[in-house]
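Asker: Chains as they are written, first to last, in this note's numbering: chain A, 1 to 159; chain B, 1 to 159; chain C, 1 to 159; chain D, 1 to 159.
Quick caveat, the hints were computed from the structure, so don't treat them as lab data. Where is the CB? At the ideal position from N, CA and C, for every residue including glycine. One or more hints might be untrue.
Examples of chain C residues toward chain A, derived with CB under 8 angstroms [unchecked claim]: (1) 74; (2) 87; (3) 91; (4) 139.
Calculated pairs, BS3-like style, for lysine-lysine (alpha carbon to alpha carbon, straight line, at most 25 angstroms) [said to hold, decoys possible]: (5) 58(D) x 13(C); (6) 25(C) x 159(C); (7) 25(A) x 121(A); (8) 121(D) x 124(C); (9) 13(B) x 124(A); (10) 58(C) x 58(B); (11) 153(A) x 124(A); (12) 153(A) x 25(B); (13) 124(A) x 121(B); (14) 124(C) x 13(D); (15) 121(A) x 124(B); (16) 124(D) x 13(C); (17) 13(B) x 13(A); (18) 121(D) x 58(C); (19) 58(B) x 121(A); (20) 58(A) x 58(D); (21) 58(D) x 121(C).
Beta-carbon label-pair distances, calculated as ranges [to be verified]: (22) 20(B) x 150(A): 51 to 61 angstroms; (23) 156(D) x 72(C): 57 to 67 angstroms; (24) 137(B) x 150(A): 39 to 49 angstroms; (25) 153(A) x 140(D): 52 to 62 angstroms; (26) 153(D) x 158(A): 23 to 33 angstroms; (27) 134(C) x 153(D): 45 to 55 angstroms; (28) 143(A) x 153(D): 46 to 56 angstroms; (29) 134(C) x 158(A): 49 to 59 angstroms; (30) 21(B) x 134(C): 14 to 24 angstroms; (31) 145(B) x 122(A): 43 to 53 angstroms; (32) 19(B) x 153(C): 46 to 56 angstroms; (33) 61(D) x 74(B): 46 to 56 angstroms.
There are 4 protein chains.
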Amino acid sequence: MSQPNVSVIGAGKCDAGETGRALYKEAMELGSLLAGAGYTVVCGGLGGVMEAVCRGAKEAGGHTIGILPFLDRAQANPYVQTAVATGLGQMRNMLVVANGDIVVAVGGGYGTLSEVALAKKSGKEVIAIGSMAGVEGVVWADDARHACSLVKKYFDRKK
Amino acid sequence: MSQPNVSVIGAGKCDAGETGRALYKEAMELGSLLAGAGYTVVCGGLGGVMEAVCRGAKEAGGHTIGILPFLDRAQANPYVQTAVATGLGQMRNMLVVANGDIVVAVGGGYGTLSEVALAKKSGKEVIAIGSMAGVEGVVWADDARHACSLVKKYFDRKK
Amino acid sequence: MSQPNVSVIGAGKCDAGETGRALYKEAMELGSLLAGAGYTVVCGGLGGVMEAVCRGAKEAGGHTIGILPFLDRAQANPYVQTAVATGLGQMRNMLVVANGDIVVAVGGGYGTLSEVALAKKSGKEVIAIGSMAGVEGVVWADDARHACSLVKKYFDRKK
Amino acid sequence: MSQPNVSVIGAGKCDAGETGRALYKEAMELGSLLAGAGYTVVCGGLGGVMEAVCRGAKEAGGHTIGILPFLDRAQANPYVQTAVATGLGQMRNMLVVANGDIVVAVGGGYGTLSEVALAKKSGKEVIAIGSMAGVEGVVWADDARHACSLVKKYFDRKK
């Protein structure tokens with residue numbers, strides 16, 4: 001098997017008061033836990049949850065991949081270690097989910113919903129903290145710690 | 001403004017008993033009504049709702065565009081008049097919604113959900129008969145007739 | 001077989017003096033001849049050769065498809081009858097050649113060269129008037145009339 | 001500036017006798033030299049020159065990114081460290097060149113030619129050892145050592 005990758009998707013902006021700060025903190029902790037467990041974090045490379053999960057993962061010594069909608073790698077958030085420019089706009093959402101063995105959503109709106117749907121359509125397991133937990137077939141997680149333990153169980157089953 | 005296009009998305013298979021046949025019939029009527037009102041129908045070019053809506057539209061003298069996930073145009077359903085090969089797989093879902101001024105969903109699963117999400121993310125109006133009507137921001141329609149009248153109102157507002 | 005499509009590629013600008021005007025005229029004649037022979041013209045939907053070939057084809061009563069690099073159909077040249085928005089940027093070049101059974105180049109620079117290369121890589125026949133005629137494996141044509149006769153021979157062989 | 005990336009493109013197969021072996025060896029040395037100079041190698045992730053350049057770079061302790069045409073990361077050659085699945089087929093060629101600050105071609109056929117054309121269309125500098133050196137605007141290099149020195153000069157100018 002190739003290196004274990006976890007795609008983390010979610011709100012592109014986390015600046016709306018306490019809710020936003022809570023999501024950012026949760027995503028940062030998720031990145032830290034995933035990196036600590038040896039998983040590479042894949043995300044859309046921009047702000048909000050994407051920045052938070054990369055920040056947590058990078059500070060914990062992990063590897064982060066950011067798959068950008070633009071043709072310019074320089075637009076990645078500063079915690080992305082391998083930036084991949086695509087020029088695909090929202091179509092890059094497919095690449096974000098395609099590059100994870102499993103997908104974790106932290107909050108999120110329509111963009112995240114498109115990723116959840118594409119992941120399920122591709123037959124992937126999707127775990128959600130927050131808003132995406134209500135989508136049919138998505139596994140609910142209480143928080144970052146819970147989500148990471150579900151991710152570990154997934155990879156254990158694949159061994 | 002360019003020609004008025006309506007993207008119709010939905011279940012790729014309509015073969016599951018009465019529910020399937022009802023969806024197929026509804027989509028076929030929708031195609032007929034949209035063509036009668038002068039709209040070009042855009043869809044994913046394959047089976048189920050995509051076939052039904054093209055069939056209804058073509059038989060009513062309308063124009064149908066099928067945007068395929070494959071590189072081979074010959075895989076379009078027989079009611080597609082302008083087949084567009086893409087080789088983009090599920091990423092072609094973005095092209096299906098991008099080429100409609102407004103989007104109508106008839107039933108559908110995860111593939112359709114990804115299209116609804118991408119359409120809303122792009123700021124488009126989405127009308128749904130059936131399963132997608134529960135997604136936040138989507139306008140509910142009773143049936144094909146109701147959906148077509150909502151489409152007409154949309155284009156009237158844009159004049 | 002699906003409808004016979006001919007992809008026409010070439011210089012995006014034809015405004016550089018006599019050479020540009022000659023290319024524009026040649027492409028316009030090519031569009032007229034192809035439409036007269038019953039072929040649908042596929043192109044990149046923008047200016048220069050793309051505009052000229054659509055103009056010739058449309059004025060001769062043919063069907064023209066423009067596959068645009070942008071997400072906005074309204075940016076197609078006025079002679080495109082079926083505009084297809086993609087948001088793929090230069091990646092849409094692949095779609096332009098994928099949607100033709102055969103490809104004709106009229107002049108052109110690096111963008112056209114990428115299309116010629118993708119067409120040959122896909123195993124398609126490429127005919128060129130002007131600058132692309134020097135690429136290995138490309139069939140040289142004197143002018144629009146010659147190119148159209150080569151296209152007809154290609155479709156005759158496929159019958 | 002983001003990390004310095006060099007895209008290396010070229011023949012997907014290097015198995016045709018001495019010429020093939022010579023290309024493989026040249027690409028392997030190029031990978032080794034680029035990695036030694038601190039550049040990340042970006043390629044299409046498959047065989048031939050792509051495998052050779054990754055092998056040379058990896059063995060020299062460098063980082064290699066393989067941008068695959070498929071949706072399955074596991075199809076990358078064993079020397080790719082960060083595999084990126086795209087499902088874009090030949091359209092991924094655009095991503096290969098978009099993710100390099102500069103492009104080096106080692107041999108190659110129509111696929112490589114499409115990459116050279118897309119790179120030049122994007123305004124990038126392209127250096128070629130072998131078959132692509134004849135394309136207008138491409139800088140000729142004698143061998144891997146020469147190509148790497150030209151790459152260094154490029155990054156020095158950008159400082």
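Asker: For the hint on residue 87(C), just tell me whether its beta-carbon gets within less than 8 angstroms of chain A.
Answerer: 5 angstroms, holds
Asker: Is residue 121(D) close enough to residue 58(C), meaning Cα to Cα at most 25 angstroms?
Answerer: 29 angstroms, violated
Asker: Assess, step by step, whether the Cα of residue 13(B) is no farther than 25 angstroms from the Cα of residue 124(A), and give holds or violated.
Answerer: 21 angstroms, holds
Asker: So the hint says 46 to 56 angstroms: do the beta-carbon atoms of residue 143(A) and residue 153(D) match that?
Answerer: 52 angstroms, holds
Asker: With a cut-off of 8 angstroms, does the beta carbon of residue 139(C) approach a beta carbon of chain A closely enough for the hint to hold?
Answerer: 32 angstroms, violated
Asker: Does residue 153(A) pair with residue 124(A) here, judged by a C-alpha cut-off of 25 angstroms?
Answerer: OK: residue 153(A) and residue 124(A) at ~14 angstroms, within 25 angstroms.
Asker: If you draw a straight line from the CA of residue 13(B) to the CA of residue 13(A), is it 25 angstroms or shorter?
Answerer: This hinted pair is violated, its Cα atoms lying about 37 angstroms apart.
Asker: Verify the interface restraint on residue 91(C): the C-beta must sit less than 8 angstroms from at least one C-beta of chain A.
Answerer: 7 angstroms, holds
Asker: The hint says 39 to 49 angstroms between residue 137(B) and residue 150(A); measuring C-beta to C-beta, is that right?
Answerer: 29 angstroms, violated
Asker: Is it true that the C-beta distance of residue 145(B) to residue 122(A) lies inside 43 to 53 angstroms, as the hint says?
Answerer: 35 angstroms, violated
Asker: Against the 25 angstroms threshold, does the CA-CA distance of residue 58(B) and residue 121(A) hold or violate the hint?
Answerer: 29 angstroms, violated
Asker: Does residue 13(D) lie within 25 angstroms of residue 124(C) when you go C-alpha to C-alpha?
Answerer: 21 angstroms, holds
In terms of the numbered hints stated before, the structure departs from hints 1, 4, 5, 6, 7, 12, 17, 18, 19, 21, 22, 23, 24, 26, 27, 30, 31, listed from lowest to highest.
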